[in-house]
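Chains Y and X, in that order, are what the protein sequence lines are. Just so you know, we're using the working numbering here: the first sequence kicks off at 1 and counts up by one. Just so you know, we're using the working numbering here: the second sequence kicks off at 136 and counts up by one.
You may find that some hints are simply not true.
[As the list claims (entries may be wrong)] Covered stretches of chain X (chain Y as the covering partner; in silico rule of three or more C-beta atoms under 8 Å from a C-beta of chain Y):
1) 139-149
2) 162-174
3) 181-188
4) 204-210
Since the hints were made in silico from the structure, they are not lab data. This structure is a prediction, so every number in the text was calculated from the model and none was measured. By construction, the Cβ of each residue, glycine as well, lies at the ideal position given by its N, Cα and C atoms.
Now for the letters of each chain:
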Amino acid sequence: MILDFIISKYNFWLYVIIMMIGLYAMLAKRNLVKKLIGMNIFQTAIILFYVSIGVKKGNVNVPIIVGSHGHESQIIHAADYLNPLPHVLMLTAIVVSIATTGVALAVLIQIYRRYHTLDEDEIIQIKQSRQETGV
Amino acid sequence: MKTIILIFVIISGSLLIYGTMDMPAWGDPQSPANSYVSPRYIEEALEKTNTPNIVTAVLADYRGFDTMGEVTVIFTAAIACILILRRKFSDNWESVRK
Numbered sequence: 001m002i003l004d005f006i007i008s009k010y011n012f013w014l015y016v017i018i019m020m021i022g023l024y025a026m027l028a029k030r031n032l033v034k035k036l037i038g039m040n041i042f043q044t045a046i047i048l049f050y051v052s053i054g055v056k057k058g059n060v061n062v063p064i065i066v067g068s069h070g071h072e073s074q075i076i077h078a079a080d081y082l083n084p085l086p087h088v089l090m091l092t093a094i095v096v097s098i099a100t101t102g103v104a105l106a107v108l109i110q111i112y113r114r115y116h117t118l119d120e121d122e123i124i125q126i127k128q129s130r131q132e133t134g135v
Numbered sequence: 136m137k138t139i140i141l142i143f144v145i146i147s148g149s150l151l152i153y154g155t156m157d158m159p160a161w162g163d164p165q166s167p168a169n170s171y172v173s174p175r176y177i178e179e180a181l182e183k184t185n186t187p188n189i190v191t192a193v194l195a196d197y198r199g200f201d202t203m204g205e206v207t208v209i210f211t212a213a214i215a216c217i218l219i220l221r222r223k224f225s226d227n228w229e230s231v232r233k
């Protein structure tokens, strides 16, 4: 009984653990690159969660219809194929995550060129001292 | 500070795990996500779009405009990267720093 419950839910718990690792990295780390990697881990956990929603147990195929070329009028049962909609939506999410990661890395390169460090506290210190000296 | 963050992370993680108690079981073919909208796509995609791969059919036919918007997102990201990384600005900043 309790084992059935654990087997039916443990994948969600694993994704929550991965997501919390990402959240902790985003909040607690002071290096900006580590914060960015934390955000990526967070997004990966969400993608895994959505893809796992579309899983059907049993004798099912990936959502590609077998032997469709040539005979178009075959009857397709929805129970024989995995749910394709989470896959499609997560393709969109992957595209957005790649775009945000790319822009964030470009901003980090520019921050490093300007301050010669990526540590949050050091950047704030340098910024304050530059403002005081008026440079 | 780190202990406060750790406590916050543990609390939000346990709230999320509490939320999974209401989720359908993993791999359940009768779960709401698998039983309401997706059977229609699986059964009609081949007939309507003539594409055996259902993911491709949904991405490029049913949601074609959404994919075009994605291309806009990628294009905007590329333009933003080029503008941020242009050598001209960083040279100015270097001269300001010295």
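Hints, one by one, checked against the model:
Look at the segment 139-149 of chain X against chain Y: 7 of its residues bring a Cβ nearer than 8 Å to a Cβ of that chain, three or more, so the hint holds. Against chain Y, the segment 162-174 of chain X contributes 9 residues with a C-beta closer than 8 Å to a partner C-beta. That satisfies the three-residue criterion, and the hint holds. A count of 5 residues in the segment 181-188 of chain X with a Cβ less than 8 Å from any Cβ of chain Y is obtained; the coverage claim is therefore met, three being the minimum. A stretch counts as covered by a chain when three or more of its residues have a beta carbon under 8 Å from one of that chain; for the segment 204-210 of chain X and chain Y the count is 3, and the coverage holds.
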